[in-house]
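Asks: Based on the sequences and whatever the hints tell you, model everything.
As given, the protein sequences belong to chains U and C, one line each in that order.
So the first sequence is numbered by my numbering: it starts at -9 and just counts up by one.
So the second sequence is numbered by my numbering: it starts at 16 and just counts up by one.
Hints listed in this document are in silico derivations from the structure and should not be mistaken for laboratory results.
Source: prediction; values computed, not measured.
Don't take every hint at face value.
Listed below are the simulated DSS-like cross-link pairs for lysine-lysine, each with C-alpha atoms no more than 30 Å apart in a straight line [what the hints assert, rightly or not]:
1) Lys91/U <-> Lys83/C
2) Lys59/U <-> Lys103/U
3) Lys83/C <-> Lys59/U
4) Lys59/U <-> Lys39/C
5) Lys59/U <-> Lys48/U
6) Lys51/U <-> Lys83/C
7) Lys39/C <-> Lys91/U
Covered stretches of chain C, going by a simulated chain U footprint (3 or more residues, C-beta under 8 Å) [stated by the list, open to error]:
8) 75 to 89
9) 121 to 129
Which residues of chain U face chain C? A few of them, derived with a C-beta cut under 8 Å, are [what the hints assert, rightly or not]:
10) Gly12
11) Tyr15
12) Lys91
Note that CB positions come from ideal geometry on N, CA and C, so glycine has one too.
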Amino acid sequence: AQSVSQHNHHVILSEAASLELGCNYSYGGTVNLFWYVQYPGQHLQLLLKYFSGDPLVKGIKGFEAEFIKSKFSFNLRKPSVQWSDTAEYFCAVGGSSNTGKLIFGQGTTLQVKP
Amino acid sequence: DAGVIQSPRHEVTEMGQEVTLRCKPISGHNSLFWYRQTMMRGLELLIYFNNNVPIDDSGMPEDRFSAKMPNASFSTLKIQPSEPRDSAVYFCASRERAMSNQPQHFGDGTRLSIL
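Replies: Now the structure itself:
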């Protein structure tokens, strides 16, 4: 069955700390991968996406993610977090052969302390 | 540039009442998705449409839920009769093309409370 697993449910960091959020997926075939962010009280916004090419993808606000096919992983990273990065982060995967559906992980809540 | 527009933003009603949530996708987008978000189950896909046609409604919890997309610029999600366990934030999202490498754009959601 297709699934996405985000191992960290709740992460607390101090400002300027480095961030890595784990995402592993189970999916047969070629995949398209996304990270979305949801700031408190707001809707989901796209941070970055990968569907082909360089497995190291750079997104908005200094975020990046690396696709490691052999590990079925797409971890999100940021070298130095800010208080404004406090939000919930969702990893999502879609198959390149299907016409639409994304499978979302359960989300990771990041709290950055000033 | 208008994004996905959902209405109402908040809805509080008593159990047993009919609830209708509305969504206007981004102009030119031809895929539309309805999601439900709760603390317990996270973000769940309920149903999605490509070119106004329902493609996958396997996430619709039960017959009390129904969704329609009568044209490219409007969709509704209806719950009848509503129950307290339906309380959640319901998001609508749209996408430019029916291809999974395109990102989905989300609306601000409808926060639904069933008393």
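Asks: In ascending order, which of the hints set out earlier in this document are inconsistent with the structure?
Replies: 2, 3, 4, 6, 8, 10, 11
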